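*Asks:* Line order of the protein sequences matches chains V and A. Add 14 to the 1-based position in the first sequence for our numbering, that's all there is to it. Add 14 to the 1-based position in the second sequence for our numbering, that's all there is to it.
Calculated from the structure, these hints are not laboratory results. Given the structure is predicted, the values throughout are model-derived calculations rather than measurements. Be careful, since some hints might not be right.
Repeated chains share a single entry, so a pair holds when one copy, or any two copies, can fit it.
[To be verified] As a list, the in silico DSSO-like pairs of lysine-lysine whose alpha-carbon atoms are at most 30 Å apart:
#1 K134 / K33
#2 K225 / K134
#3 K92 / K281
#4 K104 / K69
#5 K127 / K258
#6 K148 / K258
#7 K127 / K246
#8 K246 / K92
#9 K225 / K33
#10 K254 / K127
#11 K258 / K104
Spelled out from the first residue to the last, the chains are:
Number of protein chains: 2
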Amino acid sequence: MAKELSDFSQLCIHTITTKPWPIEKSAAEFSKAGIGGISVWRDALNGRNIPTVKKMLGTLNLRVVSLCRGGFFPAIDKKQRQLAIEDNLKAIDEASALGAPLVVLVCGAAPGKSLAESRKQIGDGIAACVDHAKQAGVKLAIEPLHPMYAGDRSAINTLAQANDMAESLHSPWVAVALDVYHLWWDPQLEPEIMRCGKNGNLAAFHICDWKTSTLDMLNDRGLMGEGCINIKEIRGWVEKAGFKGFNEVEIFSNNYWQQDQQEFLEKIKTAYLNHS
Amino acid sequence: MAKELSDFSQLCIHTITTKPWPIEKSAAEFSKAGIGGISVWRDALNGRNIPTVKKMLGTLNLRVVSLCRGGFFPAIDKKQRQLAIEDNLKAIDEASALGAPLVVLVCGAAPGKSLAESRKQIGDGIAACVDHAKQAGVKLAIEPLHPMYAGDRSAINTLAQANDMAESLHSPWVAVALDVYHLWWDPQLEPEIMRCGKNGNLAAFHICDWKTSTLDMLNDRGLMGEGCINIKEIRGWVEKAGFKGFNEVEIFSNNYWQQDQQEFLEKIKTAYLNHS
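Isolated chain V, as found in the complex (with noise of 0.2 Å):
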């Protein structure tokens, strides 16, 4: 059974949720409402000086869960895998500069190659982030992605997958972020659960619904309770296996985007205590 949930001290927002605001925005009204988290999209930072982001968000009394993303290693040539992990690199120092504790990867998958092929250079890519982000004091975090991703978003599908890789490349800076949108279908959802937390690699929970029908494959997400994932008991299964961190609620919503953001930021808060 989840925790009930009664006040929004462990609700984190993505600045990408509320997108059409930028980030000051966003943090000034996140705050006001008592949220506890916010993780920030890089975009969100595009000409700001990060190190006055992370004192208006320390102001704000705002608890930096993650920086998205980095990740997408695989590509055709060395080139611009070599590239992938330079931005990687740059990614770790964002985050570092910016207090947050984690990197959120979406992995890649290169067309022309085969998933295994890309598999083999995600795990690559992130073996030759791993001493840049223990310097840095920063964790990377493996997010499997929905299979419908598969062909150019990511290779890694399953949280049986993103488990074995983390657990492959065995540094306490390499972990796993679990978004119930990807996996709620996924059968070996709970037992998975349990073997991410009993290796101490669950590092980040994400929450959003699955909505019967979706129209757009990347932005229509639904508000929790909107939709057909068991969200509840997801919680309860990421709780029972050590999670004590924020529930992240990361909505790309072509719909949600073009609304009031004052009117949407009431919804989540409302969904949240009801749905999560």
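Following the hints, put chain A in place on chain V, whose structure we already have.
*Replies:* For chain A alone, kept in the frame of chain V given last:
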């Protein structure tokens, strides 16, 4: 390594692939092209006398590979579940009248039910049809669907689950239909194909391709070679697992349905020889 394909004797096309054509036209064109098999969708039989269609297909020397489709067992109330079972019994009778040895099952998922409950209802639903299938001499093939359909079309989303269910029902009249579109991403695909073959459950093999990007979650499948699925490699596994049946082209595509179907059929033939 997959066998070389040098003619169309082992090719089967689903009537839905050339949906704009009535079954009489599809059958005549498939036959003229030397294509060996046809899988018949129930909507293609609307308004027809099934024995007449059977005779027509026989005259054209087309093997009827399967009837599509039964399934959709889970439902909120018992009455709906009973109606689903009755519809599946009817599908078995139709398959028998048509001379189809197989009914493909899209198993269903009830919004408002957990996946675990839906899976239980699927198992119960199939079990309720097995005696009738045996009497009719028609196999029921569980087709695992892509996880993106877990919310509303099938709670069976991996070959492992289909294998588990087929094995637990323990009947020579229950088997599995494998579609590369639904399963290509699965890291366990190869061993699960071997398990499926070993247990005598590999009853059908469907091909098409996964396009990056996919514009419609239902009706934007690609022609073989247009996407990222390792079709030939998977066919090699299927053959290694002992499968000697047809390679069935099943493409739902708003794009291709709008085109000239004669030209589309030529494209299918070329893609079959070069990219399957």
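*Asks:* Against which earlier hints does the structure fall short, listed by number upward?
*Replies:* Violated hints: 1 and 3; rest satisfied.
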